[in-house]
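Undergrad: Chain residues, written in single-letter form:
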Amino acid sequence: MSPGEDPRPRAEMDDAPPFLTWRAIYLVVLGALAAEIALALALAS
Amino acid sequence: MSALDWCVLAGTIGLIVLYGLWKTRGPTSMGEYVHGGYRDRWLTIGLAVMATQASAITFLSMPGQAYEDGLRFVQFYFGLPIAMVVLSVAFIPRFYRLRVLTAYELLETRFDLKTRQLAAFLFLLQRGLSAGVTIYAPAIVLSKVLGWSLNLTSVAIGAVVILYTVAGGTRAVNQTQKHQMVVMLGGMVVAFVVVVRRLPPDLSFGHAIAVARAFGKMNAVDLAPSLGSRYTLWSGLAGGCFLAMSYFGTDQSQVQRYLSGRSIAESRLGLLFNGLVKVPMQFLILFVGVMVFVFYQFNPPPLSFNEAALRRAAATSDAPRLEALDAQHRDAFERKRAAVQRYTAVLDRGGAAQVAAARADVAAAAAAGRVREEARVLIARSGPRADANDADYVFLSFVMANLPRGLVGLLLAVILCAAMSSTASELTALGGCTVVDFYRRSFRPSAPDAHYVRVAKLATGAWGVLAVLFAAFAGMVDNLIQAVNILGSLFYGTILGIFLAAFFAPRLRATPVFVAAILSELVVFGLWLATGIGFLWFNLIGCVAVLLLASALSASGRPARSGPGR
Chain P
1 MSPGEDPRPR AEMDDAPPFL TWRAIYLVVL GALAAEIALA LALAS
Chain W
1001 MSALDWCVLA GTIGLIVLYG LWKTRGPTSM GEYVHGGYRD RWLTIGLAVM ATQASAITFL
1061 SMPGQAYEDG LRFVQFYFGL PIAMVVLSVA FIPRFYRLRV LTAYELLETR FDLKTRQLAA
1121 FLFLLQRGLS AGVTIYAPAI VLSKVLGWSL NLTSVAIGAV VILYTVAGGT RAVNQTQKHQ
1181 MVVMLGGMVV AFVVVVRRLP PDLSFGHAIA VARAFGKMNA VDLAPSLGSR YTLWSGLAGG
1241 CFLAMSYFGT DQSQVQRYLS GRSIAESRLG LLFNGLVKVP MQFLILFVGV MVFVFYQFNP
1301 PPLSFNEAAL RRAAATSDAP RLEALDAQHR DAFERKRAAV QRYTAVLDRG GAAQVAAARA
1361 DVAAAAAAGR VREEARVLIA RSGPRADAND ADYVFLSFVM ANLPRGLVGL LLAVILCAAM
1421 SSTASELTAL GGCTVVDFYR RSFRPSAPDA HYVRVAKLAT GAWGVLAVLF AAFAGMVDNL
1481 IQAVNILGSL FYGTILGIFL AAFFAPRLRA TPVFVAAILS ELVVFGLWLA TGIGFLWFNL
1541 IGCVAVLLLA SALSASGRPA RSGPGR
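Sequence lines, in order, name chains P and W.
Residues in the first sequence are numbered consecutively from 1, following my numbering.
Residues in the second sequence are numbered consecutively from 1001, following my numbering.
This is chain P alone, in the form it adopts within the complex (with noise of 0.2 Å):
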């Protein structure tokens, strides 16, 4: 890596957005998915 390619600070840059945390996040895309599975299996049935 050449240096000063990259003029940014990155790892603090590490935070959560404001809305939710990052857990929360991540259940609803999950929860999501779950949601999609019974519905194709609704769908299927």
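Honestly, the hints are just simulated from the structure, not real lab data.
One or more hints might be untrue.
What follows is a list of derived Cβ distance ranges for each label pair [to be verified]:
hint	chain 1	residue 1	chain 2	residue 2	range
1	W	Ala1345	P	Phe19	45 to 55 Å
2	W	Val1193	P	Leu41	22 to 32 Å
3	P	Ala32	W	Arg1097	23 to 33 Å
4	W	Phe1503	P	Ala34	40 to 50 Å
5	W	Arg1097	P	Ser45	39 to 49 Å
Footprint (simulated), chain P over chain W, 3 or more residues, beta carbon under 8 Å [stated by the list, open to error]:
hint	region
6	1080 to 1089
7	1271 to 1284
Computed list of chain W residues with no C-beta within reach of chain P, every gap over 10 Å [as the list claims (entries may be wrong)]:
hint	residue
8	Ala1003
9	Arg1330
10	Leu1347
11	Ala1366
Owing to the predicted nature of the structure, the values given are computational and were not obtained by experimental measurement.
The beta carbon of each residue, even a glycine, is placed where N, CA and C say it ideally should be.
Given chain P, put chain W in place with the hints provided.
TA: Coordinates of chain W only, in the frame set by chain P:
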């Protein structure tokens, strides 16, 4: 195609490309060229990640696949949201911490140069082949529909993509992809609305779904615990998760998209947006195909959706047989339509026994009307390269025949946007990887950054020309598209195994991992040749094989002592 359609098509493609070029200045550093100056927000990243994965094959083949085989392909994507969470937790912070330009750069930090370049080489090999197919697959269909030559269509797609990828690098790609993805999603919603509105007015949406179910097209989940079955809930969750982890976590064409974020949070949100939206999007595309199927239960479908191939077969000595088949096909359609109408009539007012009997009649009428399969045999023998499988033409044939003027151009723009967006990501990733992982690392390590940008642009253009050439000659290889689709799964598991060893197995050293990766590739290829295991499972098998073999080699001691890595 009408003049209005041509205007919509040319206007959509031209405006998006010009906007991308206008918004992006020529990159001056490799950070700008490869990661777009690290300025993108999560929505741009999410849409760019989705546009990279959504090739034209997605929009051409998937509705046709649903027409033939129902919704079951959606299971392929069930593992993707899980993979997005794993990548957000485990991969993105590591990429950021080491400030890498390519994913493979990280492997040298953790292991050694040969492991880095092995993974980069596997990427170049697999992605270089895929780039040609990404152009070839839509070109072969569009050329037949538009009446253009195959080579002209390939060159037209390739030239536009090369223009803006070379000029603007990743930032131009991401900016154009954002708009291309909006066109793609909007186009599919329009197609869905149009096909539902074209159904008979007395057929409710619920009845349309019931008709699809009577033909077995609503089979979105298969719970069979079979390794040989290609798409089941289990292969989708396990194999699909490992495939998505490999593709999004180790394929530079995707890593490049989300590392262009202005922060880790933006990159993570972009990937998680993809995890949230991907399954519904693929479901919509497949559902459009199912609704097209229902449409053709009330409107006569052609004997083959590949009209050019049908015309060619009709010019041979098989013409009388094809005419007879066409008559049989129309009779079978009328009988089937009558059975479907009886079925929808009893759905509301009939008892359970009547509904079951009417549904059985539909199934019997469908089974009796398999005339298209014989037509496929005649088409297949009409010429050495006759494309008898017409599934890829179902959606486009429906669009050309049934959409109003203007919307035909929009749907063709969807397909071209998809071809361009995935090709653009591939070309910038191939060019960047060639320079960062090979040219700069092994041939000219201390040149000014502007030199590397120039070489990266040249490399991107060269990969683009290679892709167009490959597309031009791709038709000479039989079953190429299927071969290249499977190729990804044959390599991805091994590459993911190397990355998981780097992240989660601190005791594993460079040489055992390098040797294990090569042995794992041999194991995967051996199993692929010798068994009937569904290809999705190879993502899991290759990954686990790398980890187990590397552990065994490390435990044996000898390879570990020779390893230069940590």
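Undergrad: Could you work out which earlier hints the structure fails to respect and list their numbers in ascending sequence?
TA: When the structure is compared with the hints, only number 4 turns out to be violated.
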